[in-house]
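Visitor: What follows is the residue order along each chain.
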Amino acid sequence: MHELQICQALLGEVAALAGARNASRVTDIHVGVGPLSGVEADLLRNAFPIAAAGTAANSARLHLRLIPVRVRCEECGAETSVQANRLLCGRCDNWQTTLIGGDELVLERVEMQRSDGAGAGGRD
Amino acid sequence: MCDTCGCNVTNANRHLVSAGGPFEFTEAGTESVHVLQNLLHANDREAQHNREHFNRHCVLALNLMSSPGAGKTALLEKTIDALRTEFSIAVIEGDLETENDAERIRSKGVPAIQISTGSACHLDAHMVHGALHELPLAGLDIVFIENVGNLVCPASFDLGQHLNVALLSSPEGDDKPAKYPVMFRAADLMLITKSDLIEVLGDFDPSRAATLLRELANPAPAFVLSSRSGCGLPQWLDWLREQVELRRLCDAGGEPGNPEVTQHADARADG
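So the sequences go chain by chain: A and B.
For reference, each letter of the first sequence is one residue, going 1144 to 1267 in the numbering used here.
For reference, each letter of the second sequence is one residue, going 671 to 941 in the numbering used here.
Looking at chain B on its own, in the form it has when it is part of the complex:
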């Protein structure tokens, strides 16, 4: 059969090429093909593959997203100090150019894989997959993926994480959830960082930030903390412990492919 004379059109597929059908041929020799293909499907497929890697080793993967300078690395340093005896932790660092953040993490005695994205403004699932093969996943409890500092682009790319944590530092202003709805809608937890500066700033209202998060139909909890003073850190650490536990239950329950493990124990903002 050929595509030229119409002999490839059978009773079984005639509806596809008839008027209004998805493969309709027109007089002018043009063809209109209906596709409905998600343009991020290649990334999403790789992300699912990454998630299977994490699940196979019962590892909780968290994607940390924020503006540059919101305190992702400082939070990780404090978190590693606090949890090093409880959990085995590793970090995947996304950075445009330097290895500075990865070196800060390594100095804590924790494996850190640096992904230098060059001019790319976000991590994607393929970059993370490359990093995964350098990590000894067996024996790990938590992998933090520190995304490139950017409130726009990282939100569109699934990396294979189980949960998204969005950091909002107080100097940025409390209206960020309304300004960056794609990012904050996807957050499973919002951390308001640099809380020690709130008093100095005078115009940052944590409850307003939490309200704007709620207006994105997002039930995620919002915690207020300061990595510098340590204030609010216990709540974050307890949340992490709970998520590791939920991850273990989920993997033990034979749901290795399920990315939707988001369980919001506390549907109300605490901030």
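Just chain A, same shape as in the assembly:
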């Protein structure tokens, strides 16, 4: 349900970047999503075209990179990939671990067509 709100935040960021760089069109948006961010990648993908309609990112492709859940063990120091609902150390099974990846929700990269290069868009 909240993925639409997240998409609107995403497009707000993208619009600010595009405006600052005088881009005529946004072609690709890369977002990193960890399972523990609480955001479902599929729902984000579905919400994106609705939120993007009528913006500079109208025809942009959304690329979602799934970030694996990783923990560092406070006991043995090992860094292991684990399931989102079982954050025990993958080496020694200790429950006292620190999450080092997997709760991110990050706009990583935006590719855009520049007004001058594309020969379109409003440069004043």
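If you're looking for bench data, these hints aren't it; they were derived computationally from the structure.
Fair warning: this is a prediction, and the values are worked out from it, not measured in the lab.
Even for Gly, the Cβ is constructed at its ideal location relative to N, Cα and C.
What follows is a list of derived Cβ distance ranges for each label pair:
no., chain 1, residue 1, chain 2, residue 2, range
1, B, S899, A, L1147, 34 to 44 Å
2, A, I1193, B, L867, 38 to 48 Å
3, A, I1243, B, G843, 23 to 33 Å
4, B, R918, A, N1201, 49 to 59 Å
5, B, S899, A, D1236, 35 to 45 Å
6, A, Q1226, B, G843, 11 to 21 Å
7, A, A1159, B, D875, 47 to 57 Å
8, A, A1159, B, D845, 35 to 45 Å
9, B, S786, A, E1218, 41 to 51 Å
10, B, D714, A, Q1226, 18 to 28 Å
11, B, E722, A, N1237, 34 to 44 Å
12, B, L907, A, D1171, 48 to 58 Å
13, A, D1236, B, H711, 28 to 38 Å
14, B, Q718, A, Q1226, 26 to 36 Å
Chain A is fixed; fit chain B onto it per the hints.
Guide: Just chain B, lined up with the frame of chain A:
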């Protein structure tokens, strides 16, 4: 200087637009911008602002999260009855449509601000900020924020609270921490509610729920209680007293901006 001919590229910033740099220009006139922007930063910034409001007035803010019907409002009613002579309490109520919960709280003589979220499935920091300006924060000890009943969405939105309390009612089943890891990983306390029904249900094991919480690398204590019978309430009330005390020490210690006041006195589950 302009963006057209390259005269804006200087020795100082040339690395940014060179091959592999964050603002690399390509032949086709496209630009690739590396951002690394947390998409919830607008909410997080507002949440920090809310936290500063609470800290300025030395108020402990607790975010209560659970499924609908897990007993958040009933717990608050009992808590207000038990602590009204010790602490000054207020409640921010998140609800999709009605003012029912806020009216239940007001009937206890405690200020309650209703946030009707409409179709929104969670509270966010901006909604809570609006409610804060209707609350007389000066003189308050505890603000409870009763989130919208939902084990999914509220977990992603910081409201400016100091601590999260997740309620798990026994009829929901003891596997909820594994099913909703985002919510239960963020909990500073898990309350297993409606304990009077455990005997009737027969298949709810509080220690299993506590084990699954531990498997989320969460050291939060787990208390078992029933608002109806009053069983287990003293442990919850003592925890609250301790958190109010810690909050006061923290504010007196000049750490007004620090959201990480979580101190788990008891790292073992009691349930």
